[in-house]
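**Q** What follows is the residue order along each chain.
Number of protein chains: 2
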Amino acid sequence: MRLLLAQLNFTVGAFDDNFTKMAAAVEHARAHGADLVVFSELATTGYPPRDLLRHERFIDLNLEQLDRLAALSADRPAILTGFVDRNPRATGKRLYNAAALCSGGRIVARRAKSLLPTYDVFDEDRYFEPATTVEPIVFKGARLGVTICEDVWNDRDFWPSRLYHRDPVEELADQHVDLFINISASPFTADKPDLRRRMIAQEAVTHRRCFLYVNQVGGNDELIFDGHSIGIGPDGRELLRGRSFEEDLILCDVPAGDDTPLPPAVPPLESGEIEDVYAALVLGLRDYVRKSGLSSAVLGLSGGIDSAVVACLAADALGADRVLGVALPSRYSSAHSVADAEALARNLGIGYRLVSIDGIYQAQLDALAPLFEGREPDATEENLQARARGALLMALSNKFGAILLTTGNKSELAVGYCTLYGDMAGGLAVISDVPKTLVYRLAAWINRDREIIPASTMTKPPSAELRPGQLDTDSLPPYEVLDPIVQAYVEEHLSADEIVARGFDPAVVADVLRRIDSNEYKRRQAAPGLKISPTAFGIGRRYPLAADYRALRRTTARR
Amino acid sequence: MRLLLAQLNFTVGAFDDNFTKMAAAVEHARAHGADLVVFSELATTGYPPRDLLRHERFIDLNLEQLDRLAALSADRPAILTGFVDRNPRATGKRLYNAAALCSGGRIVARRAKSLLPTYDVFDEDRYFEPATTVEPIVFKGARLGVTICEDVWNDRDFWPSRLYHRDPVEELADQHVDLFINISASPFTADKPDLRRRMIAQEAVTHRRCFLYVNQVGGNDELIFDGHSIGIGPDGRELLRGRSFEEDLILCDVPAGDDTPLPPAVPPLESGEIEDVYAALVLGLRDYVRKSGLSSAVLGLSGGIDSAVVACLAADALGADRVLGVALPSRYSSAHSVADAEALARNLGIGYRLVSIDGIYQAQLDALAPLFEGREPDATEENLQARARGALLMALSNKFGAILLTTGNKSELAVGYCTLYGDMAGGLAVISDVPKTLVYRLAAWINRDREIIPASTMTKPPSAELRPGQLDTDSLPPYEVLDPIVQAYVEEHLSADEIVARGFDPAVVADVLRRIDSNEYKRRQAAPGLKISPTAFGIGRRYPLAADYRALRRTTARR
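Chains as they are written, first to last, in our numbering: chain A, 991 to 1549; chain B, 991 to 1549.
Treat the hints as calculated values from the structure; they're not laboratory data. None of the values given here were measured: they were computed from a predicted structure. Please note that a few of the clues may not be correct.
If chains are identical, the list can't say which one is meant, so a pair holds when it fits in one copy or spans any two.
As the list claims (entries may be wrong) - Below, a list of computed lysine to aspartate or glutamate pairs in the DMTMM-like style, where the Cα atoms sit at most 25 Å apart: (1) 1389 <-> 1464; (2) 1450 <-> 1225; (3) 1182 <-> 1249; (4) 1512 <-> 1368; (5) 1389 <-> 1348; (6) 1389 <-> 1368; (7) 1011 <-> 1248; (8) 1389 <-> 1371.
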């Protein structure tokens, strides 16, 4: 059987634009003699549609989209696509996350997803009723074992513990299947492409069939879909691979109850972790801006490494001529900060402006002087400077219709080493899931061929420059210590005791955990950030605010 | 049987404080000869614990709390309480939302929740494995039909369509039950107390048994638990009622397979909608501040009705001496604005200061002048003023450790008639779920006995005063038109056609819906707000940002 796997970049709700893309893929399939075109999960709406699913009109638009695809299939190849189906019964959730096979101008089969991810960023139980049985779809005499994303993530032989009680792939295999197809919208994290490959290979080998896996590509808010569609043979060899972080139309001939020979294996994937993270962030940034209807960005350049890396990502994603970097020095800024910011902008070819905040800061201090009489300066005055910058950058964003990019990293967002409405202001937090140590590695990778980020930005000790001589290490442990503690608590949910047992100073652990807990209120109001780790701050991490975390982080170990 | 229903106000994670409260209730029960004390859902952790449930240490602390309660029961009344149980199996979610009966110093029965709400603000499928069967708990010869919150919300005779396939109450009734008990954490919305009463009455009458319903009370972040615990007799009469918006220990004698006579019915509930909403907001505000470890508040007083109502709520919740109102006039502020702000502060007895933003605004304009050359003034300059105010208010918050209260209402948050990092800045958005028309009704109710909010605040046309002569109606339809359109789209998810069919001008509907959709990015960064409606902005409403909403709101009707 000849198939076309359509790895496309959908905008949620953009029915017409998405249809145009899908129709072009179908046309490509026709031109190449394919029997079947396969689109990804919820291709009719784009994934994730979230609470748009609560609008009946949105469901109707999605069903109209399916009808348009069915009509296409009248004189073209058949189409397998994800869509939202209605649950006809009065009991249960109103909707199904479903797949339809369109052939000869009609919808000839519908199947619903069995396993509904409801963890991290996923809320599928919120919307969908699960299928309770599965059945192969017969197409041109072949029995297709069609599953949807999470359906393939519950193999008892692959996972030590399982979230679900059923294994739809096994249930399909028990009914005889000639070819497995999974349609997915599986977002990127650094380890995901390899994990998916191993998991699908295990299914292919266990059931001795080819297994095709079609993933969405593109950034949708916090989520970055990496593509990386794959096809695995019954012997576990990788037979095809979609591009990473790009659209791709992958034509393939695979056996499906017929005598199609197995294609040769593709060479092993060579991309490294840093490369993937960089590509993911560029895609996420580009798509967030584009799908928001914008085309340009502004950001503050402090001369530090975070804003330098974000500027590089923005120039790559949008084009250097669509990025404006602004240096916003104060009385506490060092001379090299402005020089480094300017050098970076010059190296990248982005726009550059300099606006001093000193007049505004002085006006703030003057206005507050009668109310602050007799009080010592503290973090309040530091925050004022950050907020003066935030307001100026937002003014540029408002005046020129450019998105303001926030440049804070995961480490500082974790411990609240950032100012709400100040440096946290912006439409997208590009590296808020990137720990500081990884920011350095990204910077080194950016500079691999030539110096784009100035050497002094790379080597100077990190500082917020909000008071004379300030260094990050005045308040925080070194990032090589901070980052693994943050990861242990935020991503692994370890206790203070368990973190101390990894060899960290108990007092440092206690202080870091206290900072993480007590800054939840800042993160609640943070800009959406691009997710690259298993647990990013944002929609996938949901903590109470007015709560008491002290017992949770208490150590039982003797000091 | 004599029971004590303990309607308590828990802080999530405050194990020791919560235990002290529970122990006092058990002591009260002992002193009054009760057989059984009943605590609400997840009483060991406080509800909702959200992602704290991902920490094994948190689960352990909750189990230790249960052990402490069990120990209490050694020489005191038995205890029925909600807690988090572990799922011992390797398949399924790791946890149960559970109830335990402690008696004679031991845990003698455990039951898990069957129906897990996963909609609106609820994410229970994210954490919990559902029970698949139910069984009465035998206590002192009586068969207790114990259910947990949502378990009672799926009666086929009460609801036209049902979210779940099972009815745990019916399943228990089929096994013979002498007394039904539901332990809940059911948050307030304006219609909820009456709905719960009718629903429980239907169960009691259907199964001809007393039905006791114990609810949590208190504010936990966005959610306000109203208490309103109830007991209904087999004849549908209301036999007992817990206080609304306050802790209560309700002692009651009810038949439970024994010859206890039915108590007399309580008189019908008399509180009105406005009274309830006001009380809910006061409780939500007080608890958010207190449970955040704070005790005082600051807010901007514009002379308008929104900030006036929030100031009244704050004075009521925290005490007038813990509230500071700040007038922040600019060159565009009318004289009466400052006079009204000052009069309000005087009427309430709260602190009052005046800080002009003109120096800061001028410094901002000066700093930006070279970059804005040749550009006309627009919303950018209006936002600058709002952000100058936000920064000053946050400085007061930072310097004095007082929470900044945001004063925006639901109508303006819906259409984005507000400035991110400006008037949207703050730790709690007190009335962000209160439409403007309801703000007026609250104000009238506040002034029912004497003028607290100045008459001119009540009568002048609403204005943001960000440019000369500006009125809200320059940009928006009148609030009597805007509010029902917002409600139809945001709460009822109606289409543009359906809203127009209610009699609104198609052009107005199109404009309002466009504003709602295109301001989702502001709401994503909004302060948490107190929920009083079925659909509040916040954790219970989840929309994509970089998406295309145009098809959704398109009308098919001819103009």
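**Q** A separate judgement is required for each hint: does it hold in the structure or not?
**A** Outcome of the hint check:
In this assembly of identical chains, the alpha carbons of residue 1389 and residue 1464 lie at most 25 Å apart only when taken from different copies (21 Å versus 37 Å within one copy). Proximity of residue 1450 to residue 1225 under the C-alpha cut-off of 25 Å is found in neither arrangement, the shortest distances being 52 Å within a copy and 78 Å between copies. Taking the shortest Cα distances, residue 1182 and residue 1249 never come within 25 Å of each other, neither inside one copy (33 Å) nor across copies (64 Å). Only within a single protomer do residue 1512 and residue 1368 lie at most 25 Å apart by alpha-carbon distance; the minimum there is 18 Å, versus 29 Å between protomers.
Taking the closest pair of Cα atoms, residue 1389 and residue 1348 come within 25 Å of each other both inside a single copy (22 Å) and across two copies (20 Å). Only between protomers do residue 1389 and residue 1368 lie at most 25 Å apart by alpha-carbon distance; the minimum there is 8 Å, versus 33 Å within a single protomer. Taking the closest pair of Cα atoms, residue 1011 and residue 1248 never come within 25 Å of each other, the shortest separation being 30 Å inside a single copy and 71 Å across copies. For the homomeric pair residue 1389 and residue 1371, the shortest alpha-carbon distance between copies (9 Å) is at most 25 Å, but the shortest distance inside one copy (27 Å) is not.
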